[in-house]
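Engineer: Given next are the chains, with one letter for each unit.
Number of protein chains: 2
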Amino acid sequence: MNIISSSQNDKIKYLNKLYRSRNRRKEGVFILEGKRLIEAALAGGADFKKVFLTPAFFKSAENDNLLADLKLKAEFIYLEESLLKETASTVNPQGILAVVEESVFKGDYFYQKADKILLLDRIQDPGNMGTMIRTAVAAGFDGIIALKGSVDIYNQKVIRATMGGIFSIAIRQKLSQEEFLTEIGKEAADYELLAADIEAEEYHFEHNYSNQLILMIGNEANGLDSKLMDAATSKIKIPLAGEIESLNAAVAASVIAFEILSQQLKL
Amino acid sequence: MNIISSSQNDKIKYLNKLYRSRNRRKEGVFILEGKRLIEAALAGGADFKKVFLTPAFFKSAENDNLLADLKLKAEFIYLEESLLKETASTVNPQGILAVVEESVFKGDYFYQKADKILLLDRIQDPGNMGTMIRTAVAAGFDGIIALKGSVDIYNQKVIRATMGGIFSIAIRQKLSQEEFLTEIGKEAADYELLAADIEAEEYHFEHNYSNQLILMIGNEANGLDSKLMDAATSKIKIPLAGEIESLNAAVAASVIAFEILSQQLKL
Chain A
269 MNIISSSQND KIKYLNKLYR SRNRRKEGVF ILEGKRLIEA ALAGGADFKK
319 VFLTPAFFKS AENDNLLADL KLKAEFIYLE ESLLKETAST VNPQGILAVV
369 EESVFKGDYF YQKADKILLL DRIQDPGNMG TMIRTAVAAG FDGIIALKGS
419 VDIYNQKVIR ATMGGIFSIA IRQKLSQEEF LTEIGKEAAD YELLAADIEA
469 EEYHFEHNYS NQLILMIGNE ANGLDSKLMD AATSKIKIPL AGEIESLNAA
519 VAASVIAFEI LSQQLKL
Chain B
269 MNIISSSQND KIKYLNKLYR SRNRRKEGVF ILEGKRLIEA ALAGGADFKK
319 VFLTPAFFKS AENDNLLADL KLKAEFIYLE ESLLKETAST VNPQGILAVV
369 EESVFKGDYF YQKADKILLL DRIQDPGNMG TMIRTAVAAG FDGIIALKGS
419 VDIYNQKVIR ATMGGIFSIA IRQKLSQEEF LTEIGKEAAD YELLAADIEA
469 EEYHFEHNYS NQLILMIGNE ANGLDSKLMD AATSKIKIPL AGEIESLNAA
519 VAASVIAFEI LSQQLKL
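So the protein lines, in turn, are chains A and B.
The first sequence lines up with residues 269 to 535 when you count with this note's numbering.
The second sequence lines up with residues 269 to 535 when you count with this note's numbering.
Keep in mind the hints are simulated off the structure, nothing from the lab.
Heads up, some of the hints might be wrong.
Identical copies carry no separate label here, and so any pair may be met within one copy or between two of them.
Said to hold, decoys possible - SDA-like cross-link-like pairs, simulated, lysine to any residue; straight-line CA separation at most 20 Å:
(1) 454 with 510
(2) 425 with 488
(3) 505 with 441
(4) 503 with 275
(5) 294 with 534
(6) 303 with 511
(7) 534 with 471
(8) 495 with 358
(9) 425 with 394
(10) 534 with 469
(11) 505 with 530
(12) 425 with 395
(13) 303 with 489
(14) 534 with 508
(15) 294 with 498
Sequences are here, hints too, so could you generate the full structure?
Structural biologist: Given below as structure tokens:
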């Protein structure tokens, strides 16, 4: 077992480079830190490229199953604990991190796979973004579209906030508004295009939702872009009972997503 | 108009002292930065102690109404823009900040005032805490109980995340679990004590909620304390359709709070 201890080693230099998002995106990969996220990625069928781990992690019997599965998928690179901690972005990477390929869905294949889709328009906060993906998965959504101007879905903070959810949902990102609007005219013409609008006539709990739908959630401060709002085929409002002008974007998405799920379960 | 320019001025020293949470709590006050929060506090009937503002803010005609109202409530202290920026915690305090008294509700008065209460058990993240207060207000809740071990409600980040909601809801904090459990045996015996529990038999949308209730939400990582869970008079579960073990605490609170409001609106 060759154990790397120097940050000048080429494989460590490669890893360090990937921690800059521009390099990472150019390579079409992202980084997962810690056993739990790596297990979730494995269960979700992610494509692993490299696994960096400490000798202690490798030797621990409780990691045997995970490592047996991973070994079939990627090169193992062993490094000193101190070097792993120095390199990783989390305080405690727990002995393992992995480089994984971004999943890329072309339009037609994405719409074949996804019936209930959450569209995110210029969401800025990584925690909000991650929470919405986690919530969408929990509510039985099967697709995420993140439009250009949103925070990168493969950002470390987003991935952590999804609590593994990112690996069990189809993802399409870096589409512009225009590209999306053209696309729904073709591939996704049968989808209900849903927007929350304070001026809507129907409450969210009065509406009958379609089986194929795209729920559009807008920027935290400015809401949904007017072009997307105009394209909506259904508008609903969430009642506001108190002295508050609006809901947090992730809260609005959650309330609607679980109303949709509840309706299905009531049938 | 006496305009302070030195951080060695006694009034600025006093303000700086209040930015340490221990001092702030000892004095029973908190700090609001920016016009929007101060307007919300004024509308909510907060007790202002001091207002720190720049000459430019004072002179701007668009602030006349706010300043006329504030003048009746608190001492004005003028300071240089640069000194305000140096002192404040936000990058752009927008020319004004205020020292406001914490509202303190004794148990019996709190329960007279509040019918729908959100109880927060050891919530750690200020953003989560603030979002839950904002959501509770929006869903028509009229009371918040934050148990000991939760982040301080009057923390700057919490206040900002409430988007002004903190001023239109009765707040009770720093109660221990034991104190709360004793209290509900007496003052709040008529309240439904509600907990989300993955093992509950009823879904959240199947339950008939009482008019007087306390919705209990637990710590982000560990959930509700077992003593509180045991004390619950109703348990409900939110369905989880996808490969996700749990919801974010603020998301769970939102989904239940808006189901309660929806039920009332359907009657």
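Engineer: Each of the hints needs a verdict: does it hold here or not?
Structural biologist: Hint check results:
Taking the shortest alpha-carbon separations for residue 454 and residue 510, neither the intra-copy value of 41 Å nor the inter-copy value of 28 Å comes in at or below 20 Å. Taking CA atoms no more than 20 Å apart as the test, residue 425 paired with residue 488 passes in both settings, with 17 Å inside one copy and 16 Å between copies. In this assembly of identical chains, residue 505 and residue 441 lie within 20 Å of each other by CA distance neither inside one copy nor across copies; the values are 27 Å within and 33 Å between. Proximity of residue 503 to residue 275 under the C-alpha cut-off of 20 Å is found in neither arrangement, the shortest distances being 54 Å within a copy and 53 Å between copies.
In the homo-oligomer, the alpha carbons of residue 294 and residue 534 never lie at most 20 Å apart, since the shortest distance is 46 Å inside one protomer and 52 Å across protomers. Within a single copy, residue 303 and residue 511 get their C-alpha atoms only as close as 44 Å, which misses the 20 Å cut-off; across copies the closest is 17 Å, which meets it. For the homomeric pair residue 534 and residue 471, the shortest alpha-carbon distances inside one copy (18 Å) and between copies (10 Å) are both at most 20 Å. When the C-alpha separation of residue 495 and residue 358 is checked against a cutoff of 20 Å, the pair qualifies neither within a copy, at 39 Å, nor between copies, at 33 Å.
For the identical chains of this complex, residue 425 and residue 394 are neighbours both inside a copy (6 Å) and across copies (17 Å), given an alpha-carbon limit of 20 Å. Taking the shortest alpha-carbon separations for residue 534 and residue 469, only the inter-copy value of 15 Å comes in at or below 20 Å, while the best intra-copy value is 23 Å. Taking identical chains as interchangeable, the C-alpha atoms of residue 505 and residue 530 lie at most 20 Å apart whether they share a chain (17 Å) or sit on different chains (12 Å). Taking the shortest alpha-carbon separations for residue 425 and residue 395, both the intra-copy value of 7 Å and the inter-copy value of 15 Å come in at or below 20 Å.
With identical chains, the CA atoms of residue 303 and residue 489 are at most 20 Å apart between copies only, with a shortest distance of 17 Å across copies and 35 Å within one. For a Cα distance limit of 20 Å, the shortest separation of residue 534 from residue 508 across copies, 14 Å, qualifies, whereas the shortest one inside one copy, 25 Å, does not. Within a single copy, residue 294 and residue 498 get their C-alpha atoms no closer than 34 Å, and across copies no closer than 52 Å, so neither meets the 20 Å cut-off.
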